[in-house]
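Peer 1: Protein chains in written order, with this note's numbering: chain A, 1 to 221; chain B, 1 to 249; chain C, 1 to 60; chain D, 1 to 213.
Honestly, the hints are just simulated from the structure, not real lab data. Treat the hints with care, since some could be wrong.
In silico negatives: residues of chain D with every beta carbon more than 10 Å from chain B [said to hold, decoys possible]:
1. G12
2. L145
3. A149
Here chain A is said to cover these stretches of chain B; the calculated rule only asks that three of the stretch's residues, wherever they fall, bring their Cβ under 8 Å from a Cβ of chain A [stated by the list, open to error]:
4. 88 to 97
5. 158 to 168
Cut-off 20 Å, straight-line C-alpha distance, at most; resulting in silico cross-link-like pairs (EDC-like, lysine to aspartate or glutamate) [claimed, not checked]:
6. K136(D) with E156(D)
7. K19(A) with D88(D)
8. K136(D) with E108(D)
9. K181(B) with E246(B)
10. K136(D) with D77(A)
11. K121(D) with E61(D)
12. K136(D) with D88(D)
13. K136(D) with E124(D)
14. K39(C) with E246(B)
15. K39(C) with E235(B)
16. K121(D) with D107(D)
17. K39(C) with D50(B)
18. K39(C) with D55(C)
19. K121(D) with E108(D)
20. K19(A) with E108(D)
Just so we're clear, the structure is a prediction, and the values are computed from it rather than from any experiment. All residues carry an ideal CB built from backbone N, CA and C; glycine is no exception.
Here are the chains, one letter per residue:
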Amino acid sequence: MNAFLAIVRRDLLLAARRKSEVFTALFFFMIVVSLFPLGIGPESATLRRIAPGVLWVAALLAAMLSLNRLFAADHQDGTLEQMSLSPTPLALLVSGKVLAHWLTAGLPLVLLAPVLGLQFDLSPRSLGVLMISLLLGTPVLSLVGAIGAALTLGVRGGGVLLSLLVLPLYIPALIFGAGAVEADLAGLGAGGHLSLLGALLALGVFFAPWAATAALRIALE
Amino acid sequence: MSQRLINWFKFASPASFYPLAGTLWPWFAGLASVLCAVGLWISFFVAPTDFQQGEGYRIIFIHVPASWMSMFIYCVMAFWAAIGITFNTRLSGMMSSALAPTGALFAFLSLWTGALWGKPMWGAWWVWDARLTSELILFFLYIGYIALTSAIDDPRRADKAGAIVALVGVINVPIIYFSVKWWNTLHQGASVSMTKAPTMATTMLWGMLIMALAFWMYSIAIALYRVRAIILERERHATWVAELPEMQR
Amino acid sequence: MNWGSTSEFFAMGGYGFYVWGSFGVTAAALLIEALLARKRLSDTRRLLRRELAADRDNQD
Amino acid sequence: MLRAHGLACDRGDRRLFSAVDLCVSPGEWLQVEGANGAGKTSLLRILAGLAPAADGLIEWEGRPVAEVRDDYHARLLYLGHAPAIKEDLSALENLQTAAAVAGRPLDEGTAMAALRRIGLKGREDLPARVLSQGQKRRVALARLLCSQARLWILDEPFVALDVAAVAQLCSILDDHLSRGGMLIFTSHQAVQLAGTGASLRLGTPAAPREATA
């Protein structure tokens, strides 16, 4: 557990020393979301209709921006070797890295989303549902993304390949996440979607670190 | 029992599987041709005209079997991946990579024929029907597998990475299907859905089954054929390759 | 028998383009795949034969 | 005791080395030598359990490493080619994180003392980015001072060190050996260490020779 916390702490420290990387992803999120009204037109009825999808797709892309750096630096400077030799199971350390990734790349999106949602004329209650859906969904993005990042470690054209591998796997999270907000807008209640997102998250927490670890061991050989 | 185990592992070595695949594939290819001929005969001459969809419905005789095969082949790839990870056998990775292009091809054909069926029936080349959408995502999964394994130079590493992709994918296929279906029912009002296909006549079912069987035999034949090429590429420095009769001139 | 004449068969009750588009592309795709697989195996064999021949020459 | 028998290693479809036997008992050291590309790093990675051997068996305390992996890794310290130093962390943070990951967290006092002994006094809080190549190596070597591992596997520990640092590293290694520790390392230079030592020469890849311990 000590090692787990040390990894989380270290990655957070590193992110704090390299603030620009966190902010780049956030600005990307903001800009992409703000582009849609400019492209589609300012009628608030239309904007409300597209808001869930736009915000979720933009969050998904922003979370993916930082994925290919998730393990690359550790792989290059030998930290990954040390991690795999640790008496703590590698899967636990990988979970630590995923947690740190979510705290630096996922959580800021959750916090920023309601502000951007205002641009789309969403009601306070829908903004709340949006935040909850992102709160449950962005960890899934980090978890599944970790598998892709580990698989494309040290592979030619890793960045594009990563999106090719990971984006299809993001579809359920996108559907349930955007669906929750949509259902709320339609007055249907978002509970079903949110519990499915929670189920996805539970599944991801169980399986993703294991799969990412298996992929990392291949890269280490 | 132990005798049988040893025999199985004997065929798991590329050196003995290469000639075995060589003798087996023509049989499967022959079976595929016969079944294909029977299937085509049923689909064009035995199956009657559909009173709702006219002759256009005959596309399902390849559309449905192609969809079945694309899903089935992905499962078989995941099966070989699991075997490869558990027993660390070289051949299973080769089987997976021999199957992937055929699976991707069937996924593509399923989409293609789906579009050609949808246009006259629904008036659109593409509808966001749950099955078509999940078939599209399955196609993406195949492309991801092929792209990843061909980007890694060391074949053994490529096999292992591919195995993980196949297993993660196979866990995700039902989730994706379920989520897309959910999404589809939420969005689709009164428009047509493929689930409302006409009640299947027995002849149609037979035609589809026989075509599916033909595609299945074709897949086995082509996978065996392709795995021979892969074995040779990977084992080029092994002595048994140098001793093969086709290598003497 | 469903068809009165060959032209009727090819017309497919007005759906000819869609039906033959499906069956034709499927047949072509499977054929091309088979040919590509054949080319891959024969290319590999030729390459290996050349390599082996060169090795034998070097040994002599 | 670490014993390996008949180790072989493949890179691609080329065999780097084969039939390597070695044995290191408490208080003994083993220097792995060989030309560039002979597979020194690969051998160390195989011994550390980072990479699988193409052939052969490694035993720790008389049992195959595969069976006692956790125990083996708890007693092993491996310093690879890449020193596992984060440029954006200070020397102190680097050392403390590395120790925590290795399962033996260090309090700040011990870590500071180790950094001072290795010659980084006054630089403990500087980010590794501003340190010189040799100073970065020292941060990595500070892990040795805090380590209680029985077996050290070091890949090129003397690289980028000045004369004083080489002497200091030798004395650290001597201490380790005199406490009954075991040491396997690669180096291009001849090194004088206490205790009984041997050298293992890996053949050139073009003409693999039988390696002897």
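Peer 1: Now tell me if each hint is right for this structure.
Peer 2: These are the hints, each one checked on the structure:
no., hint, in the structure
1, G12, "violated (7 Å)"
2, L145, "holds (37 Å)"
3, A149, "holds (30 Å)"
4, 88 to 97, "violated (count 0)"
5, 158 to 168, "holds (count 6)"
6, K136(D) with E156(D), "holds (14 Å)"
7, K19(A) with D88(D), "holds (12 Å)"
8, K136(D) with E108(D), "holds (19 Å)"
9, K181(B) with E246(B), "violated (52 Å)"
10, K136(D) with D77(A), "holds (12 Å)"
11, K121(D) with E61(D), "violated (39 Å)"
12, K136(D) with D88(D), "holds (12 Å)"
13, K136(D) with E124(D), "holds (11 Å)"
14, K39(C) with E246(B), "holds (16 Å)"
15, K39(C) with E235(B), "holds (18 Å)"
16, K121(D) with D107(D), "holds (17 Å)"
17, K39(C) with D50(B), "violated (42 Å)"
18, K39(C) with D55(C), "violated (24 Å)"
19, K121(D) with E108(D), "holds (14 Å)"
20, K19(A) with E108(D), "violated (26 Å)"
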